[in-house]
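Engineer: Knowing the structure of chain A, use the given hints to seat chain B on it.
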Amino acid sequence: MDAMGSEAPQSGALEDQIGAWRVHLRGSRAISAADAEELEDHLRQEIHGLIEQGLSADEAFLVAVKRIGAIDTLTREFAREHSDRLWKQLVLAGNGSEAGAAPVEAWIPKSLGVALLLAVGAGLSIKAPTWFGIPFDPDVSVFYPQNIGFLVLPFIAGYFVWARPMTGAAALMTAGVFVLSAVLVNAFPFATTTPGSSVADTQLLTILHLPIVLWFWVGVSYVGGRWVGNDRRMDFVRFTGELFIYFVLIGLGGGVLIGTTFILFEAIGVDAEPVVENWILPCGFAGATVVATWLVEAKQSVIENMAPVLTRVFAPLFTLLFLAFLVTMVWTGRGIDVEREVLIAFDLLLVVVFGLLLYSISARDPLEAPGLVDWIHLALVATALLVDVLALWAIGSRISDFGFTPNRVAALGENVVLLVNLAGSAWLYLRFLRGAGPFSALWTWQTTYLYALAGWAAVVAFIFPIIFAFQ
Amino acid sequence: MALQCMVALCKHRVSDTSLDPTMSINKDLVAASSTPLVLAILSEGDSYGYAILHRVRELSGGALEWTDGMLYPVLHRLERGGLVESRWEKADTGRRRKYYRVTKSGLGQLADERRQWRAVDETLRKVWAELAVARPDLPSTTLVPQGR
Numbered sequence: 000m001d002a003m004g005s006e007a008p009q010s011g012a013l014e015d016q017i018g019a020w021r022v023h024l025r026g027s028r029a030i031s032a033a034d035a036e037e038l039e040d041h042l043r044q045e046i047h048g049l050i051e052q053g054l055s056a057d058e059a060f061l062v063a064v065k066r067i068g069a070i071d072t073l074t075r076e077f078a079r080e081h082s083d084r085l086w087k088q089l090v091l092a093g094n095g096s097e098a099g100a101a102p103v104e105a106w107i108p109k110s111l112g113v114a115l116l117l118a119v120g121a122g123l124s125i126k127a128p129t130w131f132g133i134p135f136d137p138d139v140s141v142f143y144p145q146n147i148g149f150l151v152l153p154f155i156a157g158y159f160v161w162a163r164p165m166t167g168a169a170a171l172m173t174a175g176v177f178v179l180s181a182v183l184v185n186a187f188p189f190a191t192t193t194p195g196s197s198v199a200d201t202q203l204l205t206i207l208h209l210p211i212v213l214w215f216w217v218g219v220s221y222v223g224g225r226w227v228g229n230d231r232r233m234d235f236v237r238f239t240g241e242l243f244i245y246f247v248l249i250g251l252g253g254g255v256l257i258g259t260t261f262i263l264f265e266a267i268g269v270d271a272e273p274v275v276e277n278w279i280l281p282c283g284f285a286g287a288t289v290v291a292t293w294l295v296e297a298k299q300s301v302i303e304n305m306a307p308v309l310t311r312v313f314a315p316l317f318t319l320l321f322l323a324f325l326v327t328m329v330w331t332g333r334g335i336d337v338e339r340e341v342l343i344a345f346d347l348l349l350v351v352v353f354g355l356l357l358y359s360i361s362a363r364d365p366l367e368a369p370g371l372v373d374w375i376h377l378a379l380v381a382t383a384l385l386v387d388v389l390a391l392w393a394i395g396s397r398i399s400d401f402g403f404t405p406n407r408v409a410a411l412g413e414n415v416v417l418l419v420n421l422a423g424s425a426w427l428y429l430r431f432l433r434g435a436g437p438f439s440a441l442w443t444w445q446t447t448y449l450y451a452l453a454g455w456a457a458v459v460a461f462i463f464p465i466i467f468a469f470q
Numbered sequence: 000m001a002l003q004c005m006v007a008l009c010k011h012r013v014s015d016t017s018l019d020p021t022m023s024i025n026k027d028l029v030a031a032s033s034t035p036l037v038l039a040i041l042s043e044g045d046s047y048g049y050a051i052l053h054r055v056r057e058l059s060g061g062a063l064e065w066t067d068g069m070l071y072p073v074l075h076r077l078e079r080g081g082l083v084e085s086r087w088e089k090a091d092t093g094r095r096r097k098y099y100r101v102t103k104s105g106l107g108q109l110a111d112e113r114r115q116w117r118a119v120d121e122t123l124r125k126v127w128a129e130l131a132v133a134r135p136d137l138p139s140t141t142l143v144p145q146g147r
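Chains A and B, in that order, are what the protein sequence lines are. Mapping to numbering that gives the first Met the number 0: the first sequence position 344 is 343, numbers consecutive. Mapping to numbering that gives the first Met the number 0: the second sequence position 107 is 106, numbers consecutive.
One thing to keep in mind: the hints can contain errors.
[Claimed, not checked] Pairs of lysine-lysine, DSBU-like flavour, derived with a Cα cap of 35 Å:
no.: 1; chain 1: B; residue 1: Lys-89; chain 2: B; residue 2: Lys-103
no.: 2; chain 1: B; residue 1: Lys-103; chain 2: B; residue 2: Lys-26
no.: 3; chain 1: A; residue 1: Lys-109; chain 2: A; residue 2: Lys-126
no.: 4; chain 1: B; residue 1: Lys-26; chain 2: B; residue 2: Lys-125
no.: 5; chain 1: B; residue 1: Lys-89; chain 2: B; residue 2: Lys-125
no.: 6; chain 1: A; residue 1: Lys-109; chain 2: B; residue 2: Lys-89
no.: 7; chain 1: B; residue 1: Lys-26; chain 2: A; residue 2: Lys-65
no.: 8; chain 1: A; residue 1: Lys-298; chain 2: A; residue 2: Lys-126
no.: 9; chain 1: B; residue 1: Lys-125; chain 2: A; residue 2: Lys-65
[What the hints assert, rightly or not] For each label pair, taking beta carbons as the anchor points, the in silico distance ranges come out as:
no.: 10; chain 1: B; residue 1: Glu-43; chain 2: A; residue 2: Glu-58; range: 54 to 62 Å
no.: 11; chain 1: A; residue 1: Asp-71; chain 2: B; residue 2: Lys-125; range: 37 to 45 Å
no.: 12; chain 1: B; residue 1: Arg-79; chain 2: A; residue 2: Thr-447; range: 28 to 36 Å
[What the hints assert, rightly or not] To spell it out: a stretch of chain B is covered by chain A in this simulated footprint if at least three of its residues, at any positions, have a beta carbon under 8 Å from a beta carbon of chain A; those stretches are:
no.: 13; stretch: 89–101
no.: 14; stretch: 114–128
Keep in mind that the hints were calculated from the coordinates and are not lab data. Note that the structure is a prediction, hence the values are computed from the model and not measured. Even for Gly, the Cβ is constructed at its ideal location relative to N, Cα and C.
The following block holds chain A by itself, in its conformation from the complex (with noise of 0.2 Å):
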């Protein structure tokens, strides 16, 4: 019923329509690929016709582009009847099929195959200590707190051994520095009886800063053992914020699991308790690091990054609530109520700022013109600040009456690290909102500082224990 021949060699002219026209048509996502193939060929069926009738190419490109209707009515038609497609979705095969041609899938992708081995090999590894009679309970032994990071972080750097493409030699020093540090903190004889604790301040120091330092480590492994490149250092600021909060869902995830457990137990009267603590925690805790590393590598181009997102609304919050801060304390003339552990709390606030401008940083395109938002990243940057030198004048004058502790250097150091940082970054800000220097500056600025970070925590995890004698 219809007579299309084989085309007749149309003009390059008419080509560069049809083609501008497909790519306009394709910048919706609710057309795939093959629709918009499926189109294309109507529209040229159409133009075809037109032409056999007497039209000029130009002329019949007009009229079946009028017939085929409008392309912002045809999205909303499209969009309508596949709304789903307005979601991205995460298609869990490794490249997405496209072109209506049926992809050939492996039952299970091969980069899900590892992760799920290796989050057994993670769940058995958190395991196996208890074999030997090591009991998970830390105020009976503090292996695990100690250890955790062995036991769990080389199945996290192992995907990425396995993922990118890393010499043998990277492979192999990824590997000793887990090792040697293992054996290293393992063998420092720390103190076993301090008064009041059950363990030694600089063991529990290096059991704070060690998780961070080895962290550090997995982003060796991460950026495929090339530790060059600011590009890369930010793409593992990116994943570490995405691994947290796909960690965090996967918790919220297990725990409706367990409590599920719980009730469908004790509905036959059966005590679930010893295998969920014994078993599922532990075992669902190491894998579930392993799988939302997985997680995140697999969808880092489909779905929005949510770190980001987090810092867009909690920033001006965080700074509405720095300048409260400073109001009510201007307002009602209190002073900073010096107690031991003010400091600690003040590190974590600048934590917390630190993390929201790296993660703002980590998302803006460096070549944007400067916006309101910069503003409220440098006022949140700037009240920070203030807060942190009314609290540590405050704490100045007195820390020499506490003594210097393992703890208060710990603490006073990560202070003087974090400010730096932040103090920096104000600098460059301001610069950059005054247009005297490239917001790369900012970029290069905290990539950089990564060094800074992991150098402190290295420190204070395996030189603190000898200068202070393991007390």
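Structural biologist: Just chain B now, kept in the frame of chain A:
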């Protein structure tokens, strides 16, 4: 075959010289009739978008004018509902072309639609006929299908 009543209606309209040939059919009616029309055309044999539209134009004599692009969301909706299925074939132009085929459940749906349209058609015919008697002053050309 499946759409005799619809097609008959359309043909009547068109063959009725007193009808404005440029007259277009109400959007809702076009939308409502699209499913049975497409299913009926596909039950004549597998086809693809451009040819289906040609067939619609041919059957309706131009009265049932669709915006070409709108056919595809309809086809996709039918495909998702399992009423038609599609496959890609190489056309003689060398490009890929998407062909549609009506499924078994599509044929069932068609039969169902056909019953419904027939009921509507019969009801309307009756009321038109009675109206022609009760209100002969109304312009009947647009109301009474000729020769029935």
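Engineer: All hints are to be evaluated individually against the structure, with a verdict given for each.
Structural biologist: How the hints compare with the structure:
1. Lys-89/B to Lys-103/B: Given pair Lys-89/B, Lys-103/B holds - Cα atoms ~25 Å apart, limit 35 Å.
2. Lys-103/B to Lys-26/B: holds (29 Å)
3. Lys-109/A to Lys-126/A: holds (26 Å)
4. Lys-26/B to Lys-125/B: Within the cut-off at roughly 24 Å; holds.
5. Lys-89/B to Lys-125/B: violated (49 Å)
6. Lys-109/A to Lys-89/B: Holds, because 33 Å separates the two Cα atoms, which is no more than 35 Å.
7. Lys-26/B to Lys-65/A: holds (18 Å)
8. Lys-298/A to Lys-126/A: holds (29 Å)
9. Lys-125/B to Lys-65/A: violated (40 Å)
10. Glu-43/B to Glu-58/A: 54 to 62 Å: violated (32 Å)
11. Asp-71/A to Lys-125/B: 37 to 45 Å: For Asp-71/A and Lys-125/B the Cβ distance comes to about 43 Å; the hint holds.
12. Arg-79/B to Thr-447/A: 28 to 36 Å: violated (52 Å)
13. 89–101: holds (count 8)
14. 114–128: violated (count 0)
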